[in-house]
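Participant: Below, each chain spelled out in residue letters.
2 protein chains.
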Amino acid sequence: MRNLTLLTDLYQLTMLNGYFEKNIHEDIVVFDMFFRKNACNGGYTIVSGIEQFVDYINNLHFSDEDLEYLRSLKLFSDNFLTFLKDFKFTGDIYSVEEGTIMFPNEPIITVKAPLYQAQLIETALLTIVNFQSLIATKASRVCLAAQGDPVFEFGLRRAQGPDAGTYGARAAMIGGCHGTANVLAGKLFDVPVIGTQAHSWVQKFDTELESFEAYADVYPDKCLLLVDTYNVLNSGVPNAIKVFKDLASKGHKPLGIRLDSGDLQYLSVEAKKMLDEAGFTDLSITASNDLDEYTITNLKSEGAAINSWGVGTKLITSADSPSLGGVYKLAASYKGDSIEPKIKVSEDPEKINNPGFKKIIRIYNAEGKAEADFIMLHDEEIDATKPLTVFHPVYTWKSTTFESYTVKELHQPLFIGGECKHNKKTVIEIRDYVQDELSTLWEAYKRISSPKVYKVDLSKKLWDLKSNLLDTKKFV
Amino acid sequence: MRNLTLLTDLYQLTMLNGYFEKNIHEDIVVFDMFFRKNACNGGYTIVSGIEQFVDYINNLHFSDEDLEYLRSLKLFSDNFLTFLKDFKFTGDIYSVEEGTIMFPNEPIITVKAPLYQAQLIETALLTIVNFQSLIATKASRVCLAAQGDPVFEFGLRRAQGPDAGTYGARAAMIGGCHGTANVLAGKLFDVPVIGTQAHSWVQKFDTELESFEAYADVYPDKCLLLVDTYNVLNSGVPNAIKVFKDLASKGHKPLGIRLDSGDLQYLSVEAKKMLDEAGFTDLSITASNDLDEYTITNLKSEGAAINSWGVGTKLITSADSPSLGGVYKLAASYKGDSIEPKIKVSEDPEKINNPGFKKIIRIYNAEGKAEADFIMLHDEEIDATKPLTVFHPVYTWKSTTFESYTVKELHQPLFIGGECKHNKKTVIEIRDYVQDELSTLWEAYKRISSPKVYKVDLSKKLWDLKSNLLDTKKFV
Numbered sequence: 042m043r044n045l046t047l048l049t050d051l052y053q054l055t056m057l058n059g060y061f062e063k064n065i066h067e068d069i070v071v072f073d074m075f076f077r078k079n080a081c082n083g084g085y086t087i088v089s090g091i092e093q094f095v096d097y098i099n100n101l102h103f104s105d106e107d108l109e110y111l112r113s114l115k116l117f118s119d120n121f122l123t124f125l126k127d128f129k130f131t132g133d134i135y136s137v138e139e140g141t142i143m144f145p146n147e148p149i150i151t152v153k154a155p156l157y158q159a160q161l162i163e164t165a166l167l168t169i170v171n172f173q174s175l176i177a178t179k180a181s182r183v184c185l186a187a188q189g190d191p192v193f194e195f196g197l198r199r200a201q202g203p204d205a206g207t208y209g210a211r212a213a214m215i216g217g218c219h220g221t222a223n224v225l226a227g228k229l230f231d232v233p234v235i236g237t238q239a240h241s242w243v244q245k246f247d248t249e250l251e252s253f254e255a256y257a258d259v260y261p262d263k264c265l266l267l268v269d270t271y272n273v274l275n276s277g278v279p280n281a282i283k284v285f286k287d288l289a290s291k292g293h294k295p296l297g298i299r300l301d302s303g304d305l306q307y308l309s310v311e312a313k314k315m316l317d318e319a320g321f322t323d324l325s326i327t328a329s330n331d332l333d334e335y336t337i338t339n340l341k342s343e344g345a346a347i348n349s350w351g352v353g354t355k356l357i358t359s360a361d362s363p364s365l366g367g368v369y370k371l372a373a374s375y376k377g378d379s380i381e382p383k384i385k386v387s388e389d390p391e392k393i394n395n396p397g398f399k400k401i402i403r404i405y406n407a408e409g410k411a412e413a414d415f416i417m418l419h420d421e422e423i424d425a426t427k428p429l430t431v432f433h434p435v436y437t438w439k440s441t442t443f444e445s446y447t448v449k450e451l452h453q454p455l456f457i458g459g460e461c462k463h464n465k466k467t468v469i470e471i472r473d474y475v476q477d478e479l480s481t482l483w484e485a486y487k488r489i490s491s492p493k494v495y496k497v498d499l500s501k502k503l504w505d506l507k508s509n510l511l512d513t514k515k516f517v
Numbered sequence: 042m043r044n045l046t047l048l049t050d051l052y053q054l055t056m057l058n059g060y061f062e063k064n065i066h067e068d069i070v071v072f073d074m075f076f077r078k079n080a081c082n083g084g085y086t087i088v089s090g091i092e093q094f095v096d097y098i099n100n101l102h103f104s105d106e107d108l109e110y111l112r113s114l115k116l117f118s119d120n121f122l123t124f125l126k127d128f129k130f131t132g133d134i135y136s137v138e139e140g141t142i143m144f145p146n147e148p149i150i151t152v153k154a155p156l157y158q159a160q161l162i163e164t165a166l167l168t169i170v171n172f173q174s175l176i177a178t179k180a181s182r183v184c185l186a187a188q189g190d191p192v193f194e195f196g197l198r199r200a201q202g203p204d205a206g207t208y209g210a211r212a213a214m215i216g217g218c219h220g221t222a223n224v225l226a227g228k229l230f231d232v233p234v235i236g237t238q239a240h241s242w243v244q245k246f247d248t249e250l251e252s253f254e255a256y257a258d259v260y261p262d263k264c265l266l267l268v269d270t271y272n273v274l275n276s277g278v279p280n281a282i283k284v285f286k287d288l289a290s291k292g293h294k295p296l297g298i299r300l301d302s303g304d305l306q307y308l309s310v311e312a313k314k315m316l317d318e319a320g321f322t323d324l325s326i327t328a329s330n331d332l333d334e335y336t337i338t339n340l341k342s343e344g345a346a347i348n349s350w351g352v353g354t355k356l357i358t359s360a361d362s363p364s365l366g367g368v369y370k371l372a373a374s375y376k377g378d379s380i381e382p383k384i385k386v387s388e389d390p391e392k393i394n395n396p397g398f399k400k401i402i403r404i405y406n407a408e409g410k411a412e413a414d415f416i417m418l419h420d421e422e423i424d425a426t427k428p429l430t431v432f433h434p435v436y437t438w439k440s441t442t443f444e445s446y447t448v449k450e451l452h453q454p455l456f457i458g459g460e461c462k463h464n465k466k467t468v469i470e471i472r473d474y475v476q477d478e479l480s481t482l483w484e485a486y487k488r489i490s491s492p493k494v495y496k497v498d499l500s501k502k503l504w505d506l507k508s509n510l511l512d513t514k515k516f517v
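Chains as they are written, first to last, in this note's numbering: chain A, 42 to 517; chain B, 42 to 517.
Misleading hints may appear alongside valid ones.
The list makes no distinction among identical chains, and a pair is therefore deemed to hold if it is satisfied within one copy or across any two copies.
What the hints assert, rightly or not - Calculated pairs, DSS-like style, for lysine-lysine (alpha carbon to alpha carbon, straight line, at most 30 Å): (1) K263 <-> K115; (2) K410 <-> K341; (3) K313 <-> K449; (4) K410 <-> K63; (5) K385 <-> K502; (6) K465 <-> K341; (7) K465 <-> K487; (8) K115 <-> K286; (9) K63 <-> K115; (10) K115 <-> K496; (11) K115 <-> K294; (12) K153 <-> K502; (13) K392 <-> K341; (14) K283 <-> K383; (15) K502 <-> K78; (16) K115 <-> K487; (17) K129 <-> K496; (18) K341 <-> K502; (19) K115 <-> K283; (20) K294 <-> K427; (21) K228 <-> K115; (22) K228 <-> K410; (23) K286 <-> K392; (24) K291 <-> K115; (25) K115 <-> K465; (26) K228 <-> K126.
What the hints contain is simulated information worked out from the structure, not anything from laboratory work.
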């Protein structure tokens, strides 16, 4: 595990030094991480990267080399640098479970810790969780578009660097992919890796047929052939069929073909006809080449004969929406035992944060479908035996009353008093949990384009607190 | 340095195993890395990431743990895994210098090595060089739009993970940024880091004024204040002016203000008026908030009073064009001493690669401006004392003749016989080189939108080779 303690914006450290000089660095504060707009222009966001965030917190420490570097910047007092030498995270962190589906303005992670600790971790927390949540969400959308066909992550060469390719592959698996081409991700996260041959294999031999024969000879039971190096229908598929017949005559079952260029709808349908006529009716027809959830939806609706999808660049970078705008805002500050809620005003009312130390609950109907979320103060409880009325935090006249419902508290302790409470799960376990989560969502929230907006409401107590703060806030 | 040997697509390893089984793995081949479309929809691309690619090659080896993992996949023969144990790169790699400006279809990096080595390194090479070249190019565009104002890289929290934020910061510095907020990047690459305070600093104090006073007290000579937490013109700027006056009365020179929301044009002009009236006429007015080269161009043309730019999300992800589509194609294969050029045909003629072992030269006019590039076979020479006629590789009737010119060969040896020939330069040295490179380009090629297309032509010998191959290629 690398030491990422300096993976932070310099202003976190200039502020820490300032808090230290003003002797308020030990004040207990509450920060929330949340986003204001779902990933990928969609109707929901899958939280991912929690495990790497936990690793980051567990490894937080300033090495001598780090401190020497900070000293060289001539910004910090010696006392402060000495203080950093013993830095250790001692606070509380509450988080939703990795793989949980979340919605705008909900606290995903809430940190209650001494100011200097809570402030330092902002940047790394956002970097880690924003990216993996983005890619997990993107992958889930691609998988939804593929309607149950297997989707494979193929994007390493176009990822934003080695780690983006590797942790992006992790997130893509969490989002629902069946495997990745990234061998390092396979090793690190114990997930299936897949791959056969590239155009260069086909080119290396004197003819395409020789290249296919050679591949079949080495991998008789794993023979999937790339058929578009020269001409799919005049050369690639006929040569593949020759080789498949030979394999079948020797008792092997060929796997299928891959198309990586051209009109995937037309080519897949024609290739399937040729394979069917040759008696190979149940092979994999894999397509790759600049796919995303929109193209897959189109190809499906046009009747493409593709039953397996390799998705690269546009998945691993979430190309049409390449960042999740997660933020981390001060929500409260303690003076002794009394809590002082904090608010950041903005020209745009939707950007005003929810103050106070909060938690979040999800309301399910009798069939287990999620109906709404409810942001409340941390010490509030819901009596699920009584009807519950929730209302829109901005358009307060919009309200809904639930009669028969169950509730689930989404925050779990990740660290308490600096001690790690995280239950590590495998990537495949998290992927299964994501599927459970998705099954609780009505289809309308999962629609690829123009999804319905999920209800996220505030408790009366929280709404009153926020209104009062806005009314009384001193602005100078 | 981490071991990135498994940072590869599985098909590279299935192919390696196949080549090994067919005993053609030691055949000497030539691969070219090139892209077909410039980064960021622009007129040029700055090559970056060469140093990390060199590190990757120098560290290539399969650890026992790697081999154990590969064995667990049940895809590879024992002989092959034993063979990998002693894997070492022994080939030749030619590359342009890091920071060189390149254009579509030009070989950036050419690898001449035994097939199994040249094939393995494809994915990591592309991952490393595609990403850093993308961000270096994006940064250079942002800096061009800022017309000499300093530009700072602020994007870590929205980067595609920790490494994308850190190596992205390196690339942004190479592209022309003056500094980064990323402390780890500052430490790793010895580049300036910058940062002051966030909204949470302002919120932590009872009033904005107190927060400014506290900051000025701790950093009297580095006082740049964030003025948009409550209200820029009614609160932020007036409070900043109070504090600046106090600082000035004590002999300190305040640095300036930062705007992070609202209408940056209007707010900056009004803030500047207020600062000017208070006698602070030469302060930094820094703007941040979703900036890119297009918004900066607009703000400049509207007369915004901004003279320093913090650019985050849209720089570190190259948001409107988040990948560079670099590819790596087999160009030749040796049989003994004789070279067999290789070509990949495509439905789209522009996608056909240039075959053979090649080099690239740049032609400069008497004033040192780059006029055209010329892709030639590796053993060709240009006699610069004679006129030179170049022609378009697709539209061959388009030709240009140069009378008075100089030439520069762009490829340099990076590895020869596995031995590293790379001359390491600092990031700041590479940034200086990029500025030299940009100064050789006519403005038309650097235009942010709709740039002129730079001429990249083929030598007659290469063009003939390509035409013959296309005419005679056996497709089955």
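Participant: Give the relationship of K313 and K449 under a CA distance limit of 30 Å: within one copy only, between copies only, both, or neither.
Facilitator: Neither way: K313 and K449 sit 48 Å apart in one copy and 52 Å across, limit 30 Å.
Participant: Using 30 Å as the alpha carbon limit, work out where K63 and K115 are close: within a copy, between copies, both or neither.
Facilitator: within (19 Å within a copy, 61 Å between copies)
Participant: Up to 30 Å between alpha-carbons, please classify K341 paired with K502: within, between, both or neither.
Facilitator: For K341 and K502, neither the intra-copy (48 Å) nor the inter-copy (46 Å) Cα distance is at most 30 Å.
Participant: Could you figure out if K115 and K465 sit no more than 30 Å apart (CA to CA) within one copy, between two copies, both or neither?
Facilitator: between (41 Å within a copy, 28 Å between copies)
Participant: Regarding K410 and K341, is the shortest C-alpha distance of 30 Å or less found within a copy, between copies, in both, or in neither?
Facilitator: within (28 Å within a copy, 51 Å between copies)
Participant: At 30 Å max between alpha carbons, let me know whether K115 reaches K496 within a copy, between copies, both or neither.
Facilitator: Classified as neither: same-chain Cα gap 49 Å, cross-chain 49 Å, threshold 30 Å.
Participant: One pair to classify: K465 and K487, alpha carbons no more than 30 Å apart. Within, between, both, or neither?
Facilitator: Result: close within a single copy only, 28 Å intra versus 50 Å inter.
Participant: Classify it for me, K115 with K286: is the Cα-Cα distance of at most 30 Å met within a copy, between copies, both or neither?
Facilitator: between (73 Å within a copy, 25 Å between copies)
Participant: State whether the alpha carbon distance between K465 and K341 is at most 30 Å within one copy, between copies, both, or neither.
Facilitator: Answer is neither: 37 Å inside a copy and 50 Å across each miss the 30 Å cutoff.
Participant: Within a copy, between copies, both or neither: which one fits K294 and K427 at a CA-CA cutoff of 30 Å?
Facilitator: neither (60 Å within a copy, 63 Å between copies)
Participant: Reference check for the pair K410 and K63, CA-CA at most 30 Å: within, between, both, or neither?
Facilitator: neither (50 Å within a copy, 56 Å between copies)
Participant: Can you give me the call for K228 and K126, within, between, both or neither, at a CA distance of at most 30 Å?
Facilitator: Classified as between: cross-chain Cα gap 17 Å, same-chain 34 Å, threshold 30 Å.
In summary, the numbered hints that this structure violates are 3, 4, 6, 10, 16, 17, 18, 20, 22 and 23.
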